[in-house]
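**Student:** So the chains spell out like this:
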Amino acid sequence: MQGENDSKNFTLSKMKLLVCISKTPDTTARIAFTDNDTKFDANGVTFIMNPYDEWYALVRAIELVEKAGGTVTVLNVGDASNDQIIRKALAIGANDAIRVNAEPANSWFVAHQIAGIAKQENYDIVFLGKETIDYNGSEVGAMVAELLEQPFVSYASKMDMEGNTATIERDIEGGVEVLQVDTPFVLSAAKGLAEQRIPNMMGIMKAKSKPFKVVEPVPVEELVETVSFELPPAKTGVKLVDPENMEELVRLLHEEAKVI
Amino acid sequence: MPIPKKFGMARGSNPQQMVLVFAESVNGKFKKAAFEAVTYGYETARAVGGECVALVLGPSENAGQLGEYGAAKVLSVSDEKLAQFDSQVYAAVIAEVAKRQGAKVVVMSHTSTGRSLVGRLSVRLNAGAVSGVVSVPSVNGGFTVKKGVFSGKAIATYRIKSDVKVLSLMGNECRPEKTGSAVAVEEVSVPVPEGRIKVLEVKRQEGTVPLPEAELVVSAGRGLKGPENWGMIEELAKELGATTACSRPVADAGWRPHHEHVGQTGIAIRPNLYIAIGISGAIQHLAGVNNSKVIVVINKDPEAPFFKAADYGVVGDAFEVVPKLTEAVKKFKAAH
Ligand SMILES: Cc1cc2nc3c(=O)[nH]c(=O)nc-3n(C[C@H](O)[C@H](O)[C@H](O)COP(=O)(O)OP(=O)(O)OC[C@H]3O[C@@H](n4cnc5c(N)ncnc54)[C@H](O)[C@@H]3O)c2cc1C
Ligand SMILES: Nc1ncnc2c1ncn2[C@@H]1O[C@H](COP(=O)(O)O)[C@@H](O)[C@H]1O
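Chain order of the listed sequences is U and B. Under the numbering used here, think of the first position of the first sequence as 1, with each following residue one higher. Under the numbering used here, think of the first position of the second sequence as 1001, with each following residue one higher.
These are computed hints drawn from the structure, not numbers from a lab. Just so you know, these numbers come straight off a predicted model, no measurement behind them. From the three backbone atoms N, C-alpha and C, an ideal C-beta is built for every residue, glycine too. Among the hints, erroneous ones may be present.
Okay, the calculated bits of chain U under chain B, using three or more residues with CB under 8 angstroms as the criterion [stated by the list, open to error]:
| hint | segment |
| --- | --- |
| 1 | 27-39 |
| 2 | 65-72 |
| 3 | 150-158 |
| 4 | 165-173 |
With a straight-line cut-off of 30 angstroms between C-alpha atoms, the simulated DSS-like cross-links for lysine-lysine are [as the list claims (entries may be wrong)]:
| hint | chain 1 | residue 1 | chain 2 | residue 2 |
| --- | --- | --- | --- | --- |
| 5 | B | Lys-1300 | U | Lys-239 |
| 6 | U | Lys-158 | B | Lys-1198 |
| 7 | U | Lys-119 | U | Lys-67 |
Construct the complete structure from the given sequences, taking the supplied hints into account.
**Tutor:** Right, here's the structure in full:
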């Protein structure tokens, strides 16, 4: 009898998910600036997919779709040099990709591009990482949520879906908050949400033929501009203390460093 | 004769730049982050030539004390619906109050709550936002403010060009300072929308200061060999009144709970004192701790990279050094 399986599949509620991925310098990259300290010096720097986006947001989205059916679309705002990380996301298991062809000038700009696309497509959940490890904004997620007028769950470290209701644990200072929210919503991923996946050969091959769309940005008014960068004052050098003389260390911490 | 414009345009042309500080409370109580934010709001108000007003949401005890940290008045919206956190609801209320009061700068703490609000308020108020600021804004040459970027490896200066600005203040960057006295709390009535997030439970460890707020942190790594050796770490922390932390492999191996994991993938902290014991100082670890004011490294390997980032170093075996340090702290406490 046909129909029974169909209706079962129907109650599993297929999901349409968007994962926003960004490109950041490799964590070990040397940080330097050019153009009178107004631009990041990308010379010799290796770029990677932002770890929170790749390890947690993307993998959890893929897991959900593996269980309930549906699609995972990855979205990046950046130039063609970002295609490499987008292909990686497809190799890990995303179904298709969109790149907004523009310099991601700041959070405000990026959020408007993401929201612009999300408004057309009606995703059940928009996933982001908790922050990018370069400019450490932690700003984009809340902006997207507000632009979409949707709930925002930040720092999610655990998440399960039942129908269209998600039960989520989010990291807060000194603990976790457990909450429930119905789709559609926006979520930012923290450590714990999923386990990193390494793309395999098959994934890499398949990625080559997955749909990949490049679109032009929508214009956005600039509210914030970068003036300059500087490096923090260098440490003056370590003062070594005799391991037999911990009274001396305590004295230094009290009298010189004034921290105890 | 031309009159020197010593204080620039910003100060002279905008005499009433109101700074609205959302002072976060937990179970109705204010914590250090709220006092820091109000102190920062007061400093910011002085820089832009205006007044600092604090806003408290939900039930709160003794909100008037925020006056001590420089709030000229305290506004309160004590609707029941604000008892649990939903960024959509909170942002709607804060934005409404900011609009009615004509606030030009909106300040909050860079906590899990504050970070969920900055972006929303930026959109609602069409205001340029900078999260995690580490300096009081400067108004010479536009409104500029600094924040740490690249996991603390650099500092960026941003200029906000919009009329209204939104800032979140990095923790432990602005020492709470009592500059005034308690003020009256004024109840304001604004519409509070229905939230779509249902908080089921809040689980917090009791007793210790949470890591992001801790001023003193004792942290240990794989050099300790196994979870059974953490007794001496806890003892040192207890004597100092410090919070314990650990490196990532230690949390991954289950030696310590995950909420203690600091570093790039864990929590970023900036305590006054960070004592690192048996931690090599990998760049990803440093990314979360190198903004600590003072770093002490205890490691048996004089070549450990952590020494390069340290202020004080002890080359020695943790199993011998740590008990000695604990003893020295005990002695110090008895004498002071
Ligand atoms: C993308 C990425 C993200 C990461 N994120 C993080 C992060 O957020 N946080 C983090 O901590 N790590 C992170 N790591 C891992 C990091 O690179 C290091 O592997 C890790 O920090 C090492 O932990 P450790 O110092 O405890 O251990 P080890 O590197 O094994 O160091 C142990 C140290 O203990 C010393 N030692 C040994 N015995 C003694 C003794 N008896 N007395 C005194 N000293 C002793 C040794 O000399 C050594 O220096 C990340 C890695 C990657 C690739
Ligand atoms: N250029 C970008 N393209 C797509 N998503 C981005 C981009 N920049 C940031 N994001 C997303 O927004 C999250 C938070 O970024 P941020 O607010 O910059 O810390 C990241 O983890 C990504 O999920």
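**Student:** Each hint should be assessed against the structure and marked as holding or not.
**Tutor:** Going through the hints against the structure:
1. 27-39: Coverage by chain B holds here, the residue count being 4 at a Cβ distance below 8 angstroms.
2. 65-72: violated (count 0)
3. 150-158: Per the Cβ count (6), the hint holds.
4. 165-173: holds (count 5)
5. Lys-1300(B) / Lys-239(U): holds (15 angstroms)
6. Lys-158(U) / Lys-1198(B): With Cα atoms ~16 angstroms apart, Lys-158(U) and Lys-1198(B) stay inside 30 angstroms; holds.
7. Lys-119(U) / Lys-67(U): holds (25 angstroms)
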